[in-house]
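Q: Take a look at the letters that make up each chain.
Protein chains: 2
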Amino acid sequence: MVDDQILPIIRKYKEVRPVFSRQLKVAGEAESRVDARIDSVCREYTDVETTILSSPGIISLYFTWKGDPDKESATQQLDELVGKVREKLGKKVFSDQDDTLAKTLGELLEHRSLTIATAESCTGGLIGKLLTDVPGSSSYYLGSVVCYSNAVKERVLGVDVEALEREGAVSESVARQLAEGVRERLESDIGLATTGIAGPGGGSEEKPVGTVWLGLSWQGGTETRKLFLPGGREAVRMRSSNLALDWVRRKIL
Amino acid sequence: MVDDQILPIIRKYKEVRPVFSRQLKVAGEAESRVDARIDSVCREYTDVETTILSSPGIISLYFTWKGDPDKESATQQLDELVGKVREKLGKKVFSDQDDTLAKTLGELLEHRSLTIATAESCTGGLIGKLLTDVPGSSSYYLGSVVCYSNAVKERVLGVDVEALEREGAVSESVARQLAEGVRERLESDIGLATTGIAGPGGGSEEKPVGTVWLGLSWQGGTETRKLFLPGGREAVRMRSSNLALDWVRRKIL
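Line order of the protein sequences matches chains A and B. If you count by numbering that gives the first Met the number 0, then the first sequence holds residues 0 to 252, one letter each, in order. If you count by numbering that gives the first Met the number 0, then the second sequence holds residues 0 to 252, one letter each, in order.
No wet-lab data here; the hints were simulated from the structure. Check before you lean on any hint, since a few could be wrong.
Which copy? The list can't say, so a pair holds if one copy fits it or any two copies do.
What the hints assert, rightly or not - Here are the computed lysine to any residue pairs in the SDA-like style, where the Cα-Cα straight-line distance is at most 20 Å: (1) Lys206 / Ser137; (2) Lys102 / Arg249; (3) Lys24 / Ser54; (4) Lys65 / Glu222; (5) Lys250 / Pro199; (6) Lys65 / Thr50; (7) Lys90 / Cys41; (8) Lys24 / Val81; (9) Lys250 / Pro68; (10) Lys87 / Leu52; (11) Lys102 / Pro229; (12) Lys87 / Glu164; (13) Lys87 / Gly66; (14) Lys102 / Pro199; (15) Lys87 / Val40; (16) Lys24 / Ala234; (17) Lys102 / Arg232; (18) Lys102 / Gly231; (19) Lys102 / Gly201.
Keep in mind the model is a prediction, meaning the values are calculated, not measured.
Work out the full structure: start from the sequences and follow the hints.
A: Here's what the structure looks like:
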């Protein structure tokens, strides 16, 4: 059996690896700002190499021990450094494993017995996809209304036509109504909404490509956030999704 | 300017490359069956190397000229081979460029002035994500109801409680009602639905992980299809999505 041969190797690898490296995942902050915040701390630890990898909305930090292969000092120094980095970044750190943001948020929702529903315009189902990538997500994720057309925003989520005509689909008022509408109709504890211009077309001087409104509705009320995001269509959509998920995570914390 | 230096190189590359290689993308067929169908044809062309790459639900075929760098005979033989392979695979070929299935389907929908809406249970928003990856998709894609919970299936899409209780969410009856419900409520020409068990949990002897029902509702009526899909959660979801999109594409053709 192949499995029987590989398993001991995996076990051994798992035993050894955590001693020599650590990982932190960070959301809601640009790479350059994360770098600036932790740079001086990282420099103190000359035996640790810090690598920063960024994807839209998520920064991964890897700390690898480069000193003598002495388990005790490696563990101690890595733990010390990670502790200091965590202090610098606070709630922005969402995982010290390789978890996705959706998984971390899912665990939080489950732990607090909260349910969430989404109303997605510019992200077109991506937030639902990310949430349901996680096995067991049906216990807290009720569903989404992907309201790509204005007619669906009106008919299914009750957004008023006047707001759509007066302010446009990408507006604070519509983001608010989408979040409230989906929370009410799907009977969830939390309603999360996105509406924006992912590009490449559809931008204007007033609302350039990358303009995104998020809406978050919960028992404490409804809040909105306006984002101006860099990058192409794919990056804008992924960044919007991750920033939206992270907003909910921080709100619950 | 970097662009000014790179552009001529890209132009030259584009000029040369189509002569020496071709690509076909195929949906709705397993790699082994594609291979079996085209193997004898490909063997006739000893100067062409055929490479098959597969991802869940999609097979990419690459034909690369390995003979003398003579433009005329390369073009002729590649075109001949591609023509024969197309004959063997028929409608299963959806692109001779590097287009996604969602892009090809989108062009078809736009050309026929048809709109589509989706009701996604097991795919959780992935079909919406794939459709809206394509810029301009708002002209034919109205939106989706991601009905991850049974309550959303009932409340938002009008699936009857009895069917859910009697046959379960993963059933022909529910797939049919989801497709019809979303087509009616979102007022689209086509309603496409998925409901299945993506795993790793939730499977049973009767409905193992990988059991997926698709529903397709259009002016000609409503049809359903039952799938048993291999692979893990991610593969089942991606395969379901691609098979669903491809079903619509073939229906329109």
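Q: It remains to establish, for every hint, whether it holds in the given structure.
A: Hint-by-hint comparison with the structure:
Proximity of lysine 206 and serine 137 under a CA criterion of 20 Å is satisfied inter-copy only: 18 Å between copies versus 36 Å inside one chain copy. For the identical chains of this complex, lysine 102 and arginine 249 are intra-copy neighbours only, at 14 Å inside a copy versus 36 Å across copies, given an alpha-carbon limit of 20 Å. Within a single copy, lysine 24 and serine 54 get their C-alpha atoms as close as 11 Å, which meets the 20 Å cut-off; across copies the closest is 29 Å, which misses it. Proximity of lysine 65 to glutamate 222 under the C-alpha cut-off of 20 Å is found in neither arrangement, the shortest distances being 46 Å within a copy and 61 Å between copies.
Taking the shortest alpha-carbon separations for lysine 250 and proline 199, neither the intra-copy value of 32 Å nor the inter-copy value of 30 Å comes in at or below 20 Å. For the identical chains of this complex, lysine 65 and threonine 50 are intra-copy neighbours only, at 12 Å inside a copy versus 42 Å across copies, given an alpha-carbon limit of 20 Å. Proximity of lysine 90 and cysteine 41 under a CA criterion of 20 Å is satisfied intra-copy only: 19 Å inside one chain copy versus 58 Å between copies. When the C-alpha separation of lysine 24 and valine 81 is checked against a cutoff of 20 Å, the pair qualifies only within one copy, where the shortest distance is 11 Å, while the shortest distance between copies is 47 Å.
Taking CA atoms no more than 20 Å apart as the test, lysine 250 paired with proline 68 passes in neither setting, with 41 Å inside one copy and 63 Å between copies. Taking the shortest Cα distances, lysine 87 and leucine 52 sit within 20 Å of each other inside one copy (18 Å), while across copies they are farther apart (45 Å). Neither within a single protomer nor between protomers do lysine 102 and proline 229 lie at most 20 Å apart by alpha-carbon distance, with minima of 25 Å and 24 Å respectively. Within a single copy, lysine 87 and glutamate 164 get their C-alpha atoms no closer than 44 Å, and across copies no closer than 52 Å, so neither meets the 20 Å cut-off.
Taking CA atoms no more than 20 Å apart as the test, lysine 87 paired with glycine 66 passes in neither setting, with 24 Å inside one copy and 61 Å between copies. For the identical chains of this complex, lysine 102 and proline 199 are inter-copy neighbours only, at 15 Å across copies versus 30 Å inside a copy, given an alpha-carbon limit of 20 Å. For a Cα distance limit of 20 Å, the shortest separation of lysine 87 from valine 40 inside one copy, 9 Å, qualifies, whereas the shortest one across copies, 63 Å, does not. For the identical chains of this complex, lysine 24 and alanine 234 are intra-copy neighbours only, at 18 Å inside a copy versus 25 Å across copies, given an alpha-carbon limit of 20 Å.
For the identical chains of this complex, lysine 102 and arginine 232 are inter-copy neighbours only, at 15 Å across copies versus 24 Å inside a copy, given an alpha-carbon limit of 20 Å. When the C-alpha separation of lysine 102 and glycine 231 is checked against a cutoff of 20 Å, the pair qualifies only between copies, where the shortest distance is 17 Å, while the shortest distance within a copy is 26 Å. Taking the shortest alpha-carbon separations for lysine 102 and glycine 201, only the inter-copy value of 18 Å comes in at or below 20 Å, while the best intra-copy value is 33 Å.
This entry does not satisfy hints 4, 5, 9, 11, 12 and 13, going by the numbered hints stated previously.
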